[in-house]
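Novice: Build the full structure now, drawing on both the sequences and the hints.
Those sequence lines, one after another, are chains X and S.
Residue numbering for the first sequence follows UniProt numbering, starting at 1 and increasing by one per position.
Residue numbering for the second sequence follows UniProt numbering, starting at 1 and increasing by one per position.
Watch out, some of these pointers could steer you wrong.
EDC-like mimics (lysine to aspartate or glutamate), calculated; alpha carbons at most 20 Å apart, straight line [what the hints assert, rightly or not]:
| hint | chain 1 | residue 1 | chain 2 | residue 2 |
| --- | --- | --- | --- | --- |
| 1 | S | LYS48 | X | GLU240 |
| 2 | S | LYS48 | X | GLU241 |
| 3 | X | LYS165 | X | GLU199 |
| 4 | S | LYS6 | X | ASP193 |
| 5 | S | LYS6 | S | GLU49 |
| 6 | X | LYS177 | X | GLU6 |
| 7 | X | LYS191 | X | ASP60 |
| 8 | X | LYS43 | X | ASP28 |
| 9 | S | LYS97 | S | GLU130 |
| 10 | X | LYS183 | X | ASP28 |
| 11 | S | LYS38 | X | ASP60 |
| 12 | X | LYS164 | X | ASP281 |
| 13 | S | LYS157 | S | GLU114 |
| 14 | X | LYS164 | X | ASP193 |
| 15 | X | LYS43 | X | ASP281 |
| 16 | X | LYS88 | X | ASP28 |
| 17 | X | LYS244 | S | GLU49 |
| 18 | X | LYS43 | X | ASP99 |
| 19 | S | LYS48 | S | GLU163 |
| 20 | X | LYS43 | X | GLU240 |
| 21 | X | LYS164 | X | GLU150 |
| 22 | S | LYS6 | X | ASP28 |
| 23 | X | LYS250 | S | ASP44 |
| 24 | X | LYS250 | S | GLU49 |
The set of hints was computed from the structure by calculation and includes no laboratory data.
Computed from a prediction, not measured in an experiment: that's the story for all the values here.
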Amino acid sequence: MSNISEWSQSAEYLSFRSNVPLRRIVVDSDDSKGWRIYDCGPKSVQSPLVCLPPVSGTADIFFRQALALSARGVRVILAEAPPYWSTKEWCDGFRRLLDYLNLSRVHLFGASLGGYLAQKFAEYTCSCPRVASISLCNSFSDTSIFRGNESAALYWMLPALVLKKMLMSNFEPEPAKDSDTVKTIDFMVEKLDSLTQSELASRLTLNCIRGYVEAHKLRDLPVTIIDVFNGAPLSSPVREELYKCYPQAKLAHLKTGGYFPFLSRSAEVNLHLLIHLRQFDNTPLASSEKPLINNSLPDS
Amino acid sequence: MASNKKVLLKVIILGDSSVGKTSLMNQYVNRKFSNQYKATIGADFLTKEVTIDDRTVTMQIWDTAGQERFQSLGVAFYRGADCCVLVFDVTAPNTFKSLDSWRDEFLIQAAPREPDNFPFVLLGNKVDLEPRAISAKRAQQWCQAKNNMPYFETSAKEGLNVEQAFLAIAKNALAQQNQSVDLYNEFPDQIKLTNTQKSNGGGDSCAC
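Specialist: Here you go:
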């Protein structure tokens, strides 16, 4: 997998990488552990949109959100955690990251595991809210839906190759039907390949170890649930379980798009994110410098 | 398409401002009506689950700002639409005259594969109001010339005909989806990139 995927060489991705610096921020006593951060858009914004990747992704997989939304004045932060082995540890780390970045409340956009952690963090901080809103993409609120709860305790000792194979075998719910999904998978395989054993093992552990979100504590939180209707990674009972957790949520279904619609259907996902974020226009929790409303909608 | 597959229908409502697009959508989805006019900004949507011929169908209904006309809402907005609903106000002749350009706008932006067969439905709204400027006959004539587009006279305020109109919209959208190929399906013959056979034990596979 040494060949470089089409998107890694695309003008769009290269422009993102050449304009937005990758920062490494250490918030733990162990200074080998660092969060990887891309921060773009106006720094004056105090409630940015923070994007949290799924198990297999690096922070830059959200480059299409970063480019399109920051062009509309939204501050977008892509954040990738160092290895943490429990959700509590992850939440502590993320809180310290927000403290370091001087952000009191943020909007979270999480894909799959990223979405689960976003919910756990909102729950973790519910007495002293640090989360302004949540957008979930192909996500879940209970890890018991996954096979492997029992073996999760052993992931730390499995070789990287085995862990990668575990993930790759699940990459395609059904054969990809369009070139954007094909390119997305190529790109994600490349990103997966760049992860270390401890990064992968820790994320898989967080993903599979028994846990659920106490969603009743989050009833006042604005939520948008973005999911893929057909050929989705999660079955419809699992998706319906999530809808039940958040009766207040706006349901943004996409017809198709596979596992990673934020890449394969980025224009639609960005449209839903804009619709979600514009409810905070002219409030202290605005995610953009100027109101999103007069800006109409994105062109592509 | 397997009949047990859940269906998502994307419906787009177009028409001049203040003809009642948002009110129609709210009446249908939430059974609520407000006399207060509040301009829609950009675009917004609501979802509603309905049962049609024993199939569970989720309708995603997109409402647009009438002022948004000729201003590009972007391909993401129109992408994958299954039915377009045109709305005019039966007491306002100008809103009837705009219908042709709204229809053209949709066909240009959404670029459906078979523009001639794409389902449109026309709603003449505000029939509770007087005086009437556009007769039912005149609206029907326009519809006949447009490949027999179905026509409904509605009142979002009184909930008149709204349910029936949206049911027809859903049926037309469903029929369209059943005969058209997936918009994204660029490879009609399945190409497998990897030979991953989904080993389905219990529960969902591990999220990537």
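Novice: Would you mind marking each hint as holding or not holding in the structure?
Specialist: Verification of the supplied hints:
Between LYS48/S and GLU240/X the alpha-carbon distance is near 14 Å, which keeps this suggested pair within the 20 Å criterion. Distance restraint check for LYS48/S and GLU241/X: the Cα-Cα separation of roughly 17 Å lies within the 20 Å cut-off, and the hinted pair is therefore satisfied. With a C-alpha separation of about 15 Å, the suggested pairing of LYS165/X with GLU199/X holds against the 20 Å cut-off. Distance restraint check for LYS6/S and ASP193/X: the Cα-Cα separation of roughly 34 Å exceeds the 20 Å cut-off, and the hinted pair is therefore not satisfied.
With a CA separation close to 11 Å, the supplied pair LYS6/S and GLU49/S stays within the 20 Å bound. Note on LYS177/X and GLU6/X: the hinted pairing holds, with a Cα-Cα distance of about 17 Å set against a maximum of 20 Å. As the CA atoms of LYS191/X and ASP60/X are separated by approximately 9 Å, the hinted pair is consistent with the 20 Å bound. Between LYS43/X and ASP28/X the CA atoms are separated by roughly 24 Å; this puts the pair beyond 20 Å, and the hint is violated.
Under the criterion of a C-alpha separation no larger than 20 Å, the hint pairing LYS97/S with GLU130/S is consistent with the structure, at around 19 Å. As the CA atoms of LYS183/X and ASP28/X are separated by approximately 36 Å, the hinted pair breaks the 20 Å bound. Distance hint between LYS38/S and ASP60/X is unfulfilled; the C-alpha atoms sit about 39 Å from each other, more than 20 Å. Note on LYS164/X and ASP281/X: the hinted pairing is violated, with a Cα-Cα distance of about 42 Å set against a maximum of 20 Å.
A hinted pair counts as satisfied when its Cα atoms are at most 20 Å apart, and LYS157/S with GLU114/S does not qualify at roughly 35 Å. For the hint linking LYS164/X to ASP193/X, the alpha-carbon distance of about 7 Å falls within 20 Å, and the restraint holds. A hinted pair counts as satisfied when its Cα atoms are at most 20 Å apart, and LYS43/X with ASP281/X qualifies at roughly 17 Å. Simply put, LYS88/X and ASP28/X have alpha-carbon atoms about 14 Å apart, close enough for the 20 Å limit, and the pair holds.
Restraint check: the Cα-Cα separation between LYS244/X and GLU49/S comes to about 15 Å, which is no more than 20 Å; the hinted pair holds. Pair hint LYS43/X plus ASP99/X holds up; C-alpha atoms about 15 Å apart against a cutoff of 20 Å. With a C-alpha separation of about 12 Å, the suggested pairing of LYS48/S with GLU163/S holds against the 20 Å cut-off. Distance restraint check for LYS43/X and GLU240/X: the Cα-Cα separation of roughly 37 Å exceeds the 20 Å cut-off, and the hinted pair is therefore not satisfied.
About 19 Å separates the Cα atoms of LYS164/X and GLU150/X, which keeps this hinted pair within 20 Å; it holds. For the hint pairing LYS6/S with ASP28/X, the CA-to-CA distance comes to about 46 Å; that exceeds 20 Å, so the pair is violated. The hinted pair formed by LYS250/X and ASP44/S meets the criterion: a straight-line CA distance of about 11 Å does not exceed 20 Å. Taking the CA atoms of LYS250/X and GLU49/S, the gap is near 14 Å; set against the 20 Å cutoff, the hint holds.
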